[in-house]
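Undergrad: We have chain F; now place chain X onto it with these hints.
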Amino acid sequence: METVTLTMKDQPGLYLEADSITPDAFAGKKAEEIVDLPVYTGREQHRLGDFFEVSGTAGATPAETKIVVNGDISRVKYIGMKMTDGEVVANGNADMYVGAWMQGGKITVNGNVDAFAGTGMKGGEIIINGNAGNYLGAAYRGDWRGMAGGKIVVKGNAGSDLGTFMTGGEIVVGGDVDVHVATHAEGGKIVIKGNAKRRLGGQMVEGEIYVFGNIDVMMPGFAYREDVDVEVDGVKGRFALYEGDLGERHRKRKGQAIYAKLYQLVGA
Amino acid sequence: MAEYLIKNGFVFDPVLGIRGDAADIAIKDGKIVETSAVKSPKVIDAAGKTVMAGGVDIHAHVAGPKVNIGRNFRPEDKLFNCKPGHGIERMQGGFSVPTTIRTGYDYAHMGYTTVMEAAMPPLYARHTHEEMRDTPILDQGAYPVFGNNWFVLEYLKNHEIENTAAYIAWLLRATKGYAVKVVNPGGTEAWAWGLNCENIHDPVPYFDITPAQIVKGLIEANEYLGLPHSMHVHANNLGTPGNYQTTLDTFKLSEGIKPNSKFGRDQVMHHTHVQFHSYGGEGFNFESKAPEIMDYVNTHDNITIDLGCVTLDETTTMTADGPFEHHLTELNHLKWANADVELETAAGVVPFVYSANNKANAVQWCIGLELGLLAKDFMRVFLTTDHPNAGPFIRYPRIMKWLMSQEARDQQFDAFKHKDKVIEATNLAGMDRELDLYEIAQMTRAGPAKSLGLAHMYGGLAPGLDGDVAIFDFNPNEPYAPDDIEKAFGNARHLFKSGVQVISDHEIASNGNKRTLWVNAKVNENPQVMRDVKEKFLRYYTVTLNNYEVAGHHYVPNPYVIEVDATQ
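Residue numbers (our numbering), protein chains in the order written: chain F, 249 to 516; chain X, 382 to 949.
Source of the hints: derived by calculation from the structure; they are not laboratory data. A few of these clues could be false.
[To be verified] Below, simulated BS3-like cross-link-like pairs (lysine-lysine); rule was C-alpha separation at most 27 Å, straight line:
#, chain 1, residue 1, chain 2, residue 2
1, F, LYS500, X, LYS798
2, F, LYS330, X, LYS716
3, X, LYS716, X, LYS412
[What the hints assert, rightly or not] Computed spacing ranges between beta-carbons, pair by pair:
#, chain 1, residue 1, chain 2, residue 2, range
4, F, TYR472, X, LEU712, 31 to 37 Å
5, F, ASN318, X, GLY468, 36 to 42 Å
6, X, HIS467, F, ASN318, 31 to 37 Å
7, X, ASN927, F, ASP298, 55 to 61 Å
8, F, GLN504, X, HIS681, 29 to 35 Å
[Claimed, not checked] Derived, one-sided and incomplete: chain X residues facing chain F with beta-carbon distance under 7 Å:
#, residue
9, PRO456
10, GLU457
11, LYS459
12, LEU460
13, PRO465
All C-beta atoms, glycine included, are put in the ideal place defined by N, C-alpha and C.
One chain only, chain F, in its complex shape (with noise of 0.2 Å):
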């Protein structure tokens, strides 16, 4: 696999929309063509070398490329958006949209990032290091297809409304969220190994959310059913389990209404 290296040479005086920070936007280019790839601030289109230093030449595939960011990114938005392949690794602090609309390959940021970060996900894994912000892996504004696939690792806090119309995919945060979690979910797994506030599975209708601490309030749409003995990533332990959210529309297998789940960890 071959490397390359932004540096964060200039500020943007805007927020920089980067969407071209991918493998598969860098692959079979040179650092000499790399620098003149679009970059967007406000309504003016700039290249990727005005910002950055770039060096290193990038694989023959995406497959094949390693993009390292480093230096201040947090004004940079779209860092790893579509890519199908291959691996970012960001330094920083990164704006929003990072790994929006991802299909596959690796995202690792050593840092936070904001809003927005694997929108629409359908494969490939991202690691979060720092914090989220809100909507992790939920669906763009309007869209009813969120996080369809893939991984999403959180090792901070995530913010509000992650996983909103999940279909798919799984969503593990190591520390507390706040409000909406899941919300009109449709599938996909999230995992809250710290505290959750309120409204968790509101609208669920299918899908999977395990909360290892405390929740605030929970959704009255959601009946406790009984307590399990449930394996997650990697904590064995024993859980309960509600089902809901019961105001919704659930599809039948077999004749049973299949629910979604929210098991709330009671023991070890």
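TA: Positioned in the frame of chain F, the structure of chain X alone reads:
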């Protein structure tokens, strides 16, 4: 104004009866003129290209509150397709519910120059006009909806044709409307009670009138006034398996009524998006009844129809047929907007994905094309998608391809997941008819212009008509692949609108000088109707009359008024 001479193109023009012969077309002072009338024209070399009049769309939802609900509640419709402005071209966005700017430009790129907004809620006529005003290039008019209007229901219950006509004349003037539109007659009003009218004899709650009385009464009132266009109906029971019977029953309401119009139309009823109304069978076993429908259409001269072809896209459905949109959201579980418009109408909006993997959607696709291929008179059968309901209007060139090429249809059949079941439920696979460009010009130009009562302005290339001319990179005398049709007719090389070159070498060259068409029908003074209007506004409307009327330069900066005298 500049003079133009479009030389040596292969001209397809039903008005002149030219079927692809090379001919020259001259434009001067905004009109088509004899070639001898231009002195020092700018010459456009159209050799090897196809020349047609500007397209005329008789039915599309392109402006007004429900279109805007679609835009507002579908931000995802603009995802990844926005285009920044450059030069005179303004910023654009959206796919199935594009911005007004993109609407104008995309129609122009297809060689269309006139587009009718198919359903204007009178109360929101101001909004509709503001959007049309902001749609560049195109001449437009809007059809106010009458089929569930309390005035109409009350007058027609007692068959008061003169009062209905006086009210229509007043409302067309107040809303700057173009024609009488009827959507799910009575059924939309019934929806306010959580009900629907499922056939033409199903009475409307409270008003105790039937859809048949509404439709027949509105046809009679329309002919009493002698309006340019006929009554334009979307019948009851849209989208329901077995509904073709309701459609035939609705067609039959036009029998025995003669057109009274000095605008050259021969029909008294236009039935829109007939694809949605041609279903047989029950439930999931629904099937095409296009042959039965077209047997009727082909043998009855006093109706015109448009197809409403399904294009197999993700789109945004929107209609004043409130109960139908509720049915759709129950079906696909996607978001739903519902609106009630006081005494007048209602509307619903639901996104919808027509998929080649879905048998029902594939059957719908077949039915739309069957209707076109079974037609005998293309001056009465028009190409539409009921934009955006069955698909976005930008797919018209793709529908042309399907109508013109069996090979293209076979390719689509091969892409269906349930190909065999689809073939079993439809007739399309057995049809080898391929339409030619003359027939396409009838379906998209001369036919709709005539049906609208606008044959004196649009739809042809005869001297005296408006200078609306499209030139396409398509040589009908050379071999071509089906996709060449779609490519050429989706991207006109040049387009003239009222003598102004609005597209030059595929690029927008001018934002044009768009006009808003409306009909000013003069009737005898009718104190009863005016008293009823005042009383209803006092008692029921949330706005006053002064805040209702579409008046002034702000809403209609460039009006084109068609005068009708129905005083007697």
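Undergrad: Can you let me know if the beta-carbon spacing of TYR472/F and LEU712/X is within 31 to 37 Å?
TA: holds, 33 Å
Undergrad: Are LYS330/F and LYS716/X close enough, with their CA atoms no more than 27 Å apart?
TA: holds, 26 Å
Undergrad: For ASN927/X and ASP298/F, compare the CB-CB distance with the range 55 to 61 Å and indicate the outcome.
TA: holds, 56 Å
Undergrad: For the pair GLN504/F and HIS681/X, does the Cβ-Cβ distance stay inside 29 to 35 Å?
TA: Check failed, 54 Å falls outside 29 to 35 Å.
Undergrad: A closest beta-carbon separation below 7 Å is what the hint needs, so does PRO456/X meet it against chain F?
TA: holds, 4 Å
Undergrad: Hold the hint about LYS459/X up to the distance rule: shortest CB distance to chain F must be less than 7 Å.
TA: violated, 9 Å
Undergrad: Please verify whether LYS500/F and LYS798/X have alpha carbons no more than 27 Å apart.
TA: Roughly 24 Å between the alpha carbons, so the hint for LYS500/F and LYS798/X holds.
Undergrad: Under 7 Å is the threshold here; is the Cβ of GLU457/X close enough to any Cβ of chain F for the hint to stand?
TA: Interface hint status for GLU457/X: holds (4 Å vs cutoff 7 Å).
Undergrad: Is the interface hint for PRO465/X satisfied, with its Cβ closer than 7 Å to some Cβ of chain F?
TA: holds, 6 Å
Undergrad: Tell me if the beta carbons of HIS467/X and ASN318/F are separated by a distance inside 31 to 37 Å.
TA: Since the Cβ atoms of HIS467/X and ASN318/F sit about 35 Å apart, the hinted range of 31 to 37 Å holds.
Undergrad: Hint LEU460/X vs chain F: min CB-CB distance below 7 Å?
TA: holds, 6 Å
Undergrad: Assuming the hint says 36 to 42 Å, is it satisfied by the Cβ distance from ASN318/F to GLY468/X or not?
TA: Given a distance of about 39 Å, which is inside 36 to 42 Å, the answer is holds.
Hints 3, 8, 11 from the list above are not met by this structure, while the remaining hints are.
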